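Participant: So the chains spell out like this:
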Amino acid sequence: MKISDFEKLKNEGTEKLPSEERRRFLRFGLAVTGVFLGGSVLSLTSARNASGVQEKKSAAGKFPYKPHYTMVLRQNRCIDCERCMEACVRTNHVPSYGYRTTIMEQNRAAGDDRDPLFMPVLCNHCNRPPCVRVCPTTATYKDKETGIVMMDYKRCIGCKTCMAACPYNARYFNEETRAVDKCNFCFDTRLSKGKKLTACAEACPADVRIFGELTDENSEAYQLIHKPDRKVWVLRPETGAMPNVFYIND
Amino acid sequence: MKIGNTKARKFFNLLLFSLVLLVFCSQASGQDEEDGGSIIFTKPVKAVIFEHSIHTEQGLECDSCHDGMFEMEAGVAEQNDDFTMASLYEGNYCGGCHDGDTAFASNTRCTACHIGVKGYERLTGGTKDSGGGH
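Listed in order, the protein sequences are those of chains R and E. Going by my numbering, the residue at position 103 of the first sequence is 103; the numbering climbs one at a time, nothing skipped. Going by my numbering, the residue at position 72 of the second sequence is 72; the numbering climbs one at a time, nothing skipped.
Hint data in this document are derived by calculation from the structure and do not stem from the laboratory. Remember, predicted model here, so these are calculated numbers, not experimental data. Incorrect hints may have been included.
Stated by the list, open to error - Pulled a few chain R residues facing chain E out of the computed Cβ check, cut under 10 Å:
{"no.": "1", "residue": "Asp113"}
{"no.": "2", "residue": "Pro116"}
{"no.": "3", "residue": "Phe173"}
{"no.": "4", "residue": "Arg190"}
{"no.": "5", "residue": "Asp229"}
What the hints assert, rightly or not - Between beta-carbon pairs, the in silico distance windows are:
{"no.": "6", "chain 1": "E", "residue 1": "Tyr89", "chain 2": "R", "residue 2": "Gln223", "range": "17 to 25 Å"}
{"no.": "7", "chain 1": "E", "residue 1": "Phe104", "chain 2": "R", "residue 2": "Ala110", "range": "42 to 50 Å"}
{"no.": "8", "chain 1": "E", "residue 1": "Lys43", "chain 2": "R", "residue 2": "Lys144", "range": "18 to 26 Å"}
Just so you know, even glycine gets a beta-carbon here, dropped at the ideal spot from N, CA and C.
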């Protein structure tokens, strides 16, 4: 399903979700809070009491991470001012032909350009990252500590297989470094230097990008996605990548 | 086109005249001449659209906005430090009407007013491709 089709879907609630599917998600410590028509868009949140299950070795490796970074995007507040993109470019020296994060636009109905939807997109730092699986040189890897999907530029041979594998189109080839580049939640430029927020989250004037920890109950991000009855969704859950970027409204 | 007889030439002249008239009329009656047209704010954020036509079609008089709330000059409000959402929520500027009473509230439907960088570039003919939309 195309990302642009998502908003047209109605939330059906969890009842119609096959129990097998439900169990599969619960295994990864995620509570299913809603499902869209046809079961293509699942709404997931990390389950409070699932840590016992998570400690078992799973296909997702170590989960949850500590800290387990997440970004919650309050989609309907995004006004496409693109300050996040500017801040990202400045902080991470992103060339004009590429991006680590972008804003997509979609109309609510064909030919109707009133009240468009703006959707911020970035690397989803998946628990089962397809890009990591296909990289022949382990240049891209899931950081053991934080779960951030990182790049070791020196190991990258520029084969671009990861770019094709990424369900979110969140990677680009940097002509200068001759390596693939992507969002790393500003790990090298900010987090490792003691800053608490990514550049994009700090720059957002509309409180759209809430960066935080999935396992920290005091984190705003945690609280936003654990609010009862709140619809939470992820992009392209059908790929089984288990993203750590969540979308909500309001 | 070769114009042979006078009849045809007369017809051609008439056609030309009505064409000119048509162009002239549509320009004179264009919204841009009577009211302030469409105004795009880019400060502090890119970009917010205000369309006079939508508002005058609601039966609003010029005075309901141009009697202290807004100047009849684009770019004036943008010079003020308080041209922000916080100020709108307090009932200033657009918030004077967009309060959930007279018109939809300023803390709803963000993208009714905010057209973003993409909307701005579409309306001003910018060519920047911000990517992403595959």
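Participant: Would you mind marking each hint as holding or not holding in the structure?
Facilitator: Checked hints:
At its closest, the beta carbon of Asp113/R sits 8 Å from a beta carbon of chain E; the interface hint therefore holds under the 10 Å criterion. Given hint, Pro116/R at the interface with chain E, holds; its Cβ is 5 Å from that chain's nearest Cβ, closer than 10 Å. Taking 10 Å as the C-beta contact cut-off toward chain E, the hint placing Phe173/R at the interface is violated, the least distance being around 13 Å. At a threshold of 10 Å, the smallest CB-CB gap from Arg190/R to chain E is about 22 Å, leaving the interface hint violated.
The restraint placing Asp229/R at the interface with chain E is violated, with a minimum CB-CB distance near 19 Å, outside the 10 Å limit. Range check, Tyr89/E to Gln223/R: Cβ separation about 23 Å, and the 17 to 25 Å hint holds. In this structure the hint that Phe104/E and Ala110/R lie 42 to 50 Å apart at CB is violated, the actual value being about 23 Å. A hinted range of 18 to 26 Å for the beta carbons of Lys43/E and Lys144/R is inconsistent with their spacing of about 45 Å.
Of the numbered hints given earlier, the model fails hints 3, 4, 5, 7, 8; all others are met.
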